[in-house]
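Engineer: So in UniProt numbering, spot 81 of the sequence shown is number 81, and the numbers just go up one at a time.
Keep in mind that the hints were calculated from the coordinates and are not lab data. Heads up, some of the hints might be wrong.
Pairwise CB distance ranges (calculated) [said to hold, decoys possible]:
# : residue 1 : residue 2 : range
1 : R117      : W57       : 53 to 59 Å
2 : K118      : G37       : 35 to 41 Å
3 : P115      : R18       : 15 to 21 Å
4 : Q82       : K61       : 40 to 46 Å
5 : K61       : D8        : 16 to 22 Å
6 : R66       : K21       : 23 to 29 Å
7 : K59       : T91       : 40 to 46 Å
8 : E68       : T39       : 20 to 26 Å
9 : Y114      : I50       : 30 to 36 Å
The model shown is predicted, which means the values in this text are computed figures rather than measured ones. Backbone N, C-alpha and C fix where the C-beta goes; we use that ideal spot for every residue, glycine too.
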Amino acid sequence: MNKYCFNDFKFQTEEVSRNKKKNNSGVYIQGDIDGTGQTIEYYGIIQAIIEVRYLGWPKKKIVLFRCEWFDPSHRGTKMDHQYNIIEVKHTRKYRSYDPFIIAQNAKQVYYASYPLRKDKADW
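Turn these sequences into a full structure, and let the hints steer you where they fit.
Structural biologist: The structure is reproduced here in structure tokens:
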């Protein structure tokens, strides 16, 4: 699949969203608590949408997003408290292999670059 609608949101893979006015491939999911007691927040881009169907009765299925994640550490993600914006450094990727999430747990986000700030070209 390359599109999936859930809770009035239309999710798309990065390939489908590329070069369109609306980019619906950005996702956010809240992760586990780290060693400092802080919740880890993951931001990423949907690479593939997979529907898994289970045989038998009743028929069951689950939809998974395979995502490419940005670095969730302070080097790759930070909060701009003045404007209440999360900044993501798109050149820093998450190193661990953990690409799959359940689609119903995802929240949609939109990524926009800083148009006039050359010092924030990577953010």
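Engineer: Can the suggested window of 15 to 21 Å be confirmed for the beta-carbon pair P115 and R18?
Structural biologist: holds, 19 Å
Engineer: Within 40 to 46 Å or not, the Cβ separation of K59 and T91?
Structural biologist: holds, 43 Å
Engineer: CB of Q82 to CB of K61, is that within 40 to 46 Å?
Structural biologist: holds, 44 Å
Engineer: Is 23 to 29 Å a correct range for the gap between the Cβ atoms of R66 and K21?
Structural biologist: Distance hint for R66, K21 holds at roughly 25 Å.
Engineer: Measuring from beta carbon to beta carbon, are K118 and G37 in 35 to 41 Å?
Structural biologist: Given about 37 Å between the Cβ atoms, the range holds.
Engineer: Could you check the hint for me, namely that K61 and D8 are 16 to 22 Å apart, CB to CB?
Structural biologist: holds, 20 Å
Engineer: Between Y114 and I50, is the Cβ distance one that fits in 30 to 36 Å?
Structural biologist: With Cβ atoms ~33 Å apart, the hint holds.
Engineer: Between the beta carbons of R117 and W57, is the distance compatible with 53 to 59 Å?
Structural biologist: Holds, at about 57 Å.
Engineer: Honestly, do E68 and T39 meet the 20 to 26 Å range at C-beta?
Structural biologist: About 21 Å separates the Cβ atoms of E68 and T39, which means 20 to 26 Å holds.
Taken one by one, the earlier hints all hold for this structure without exception.
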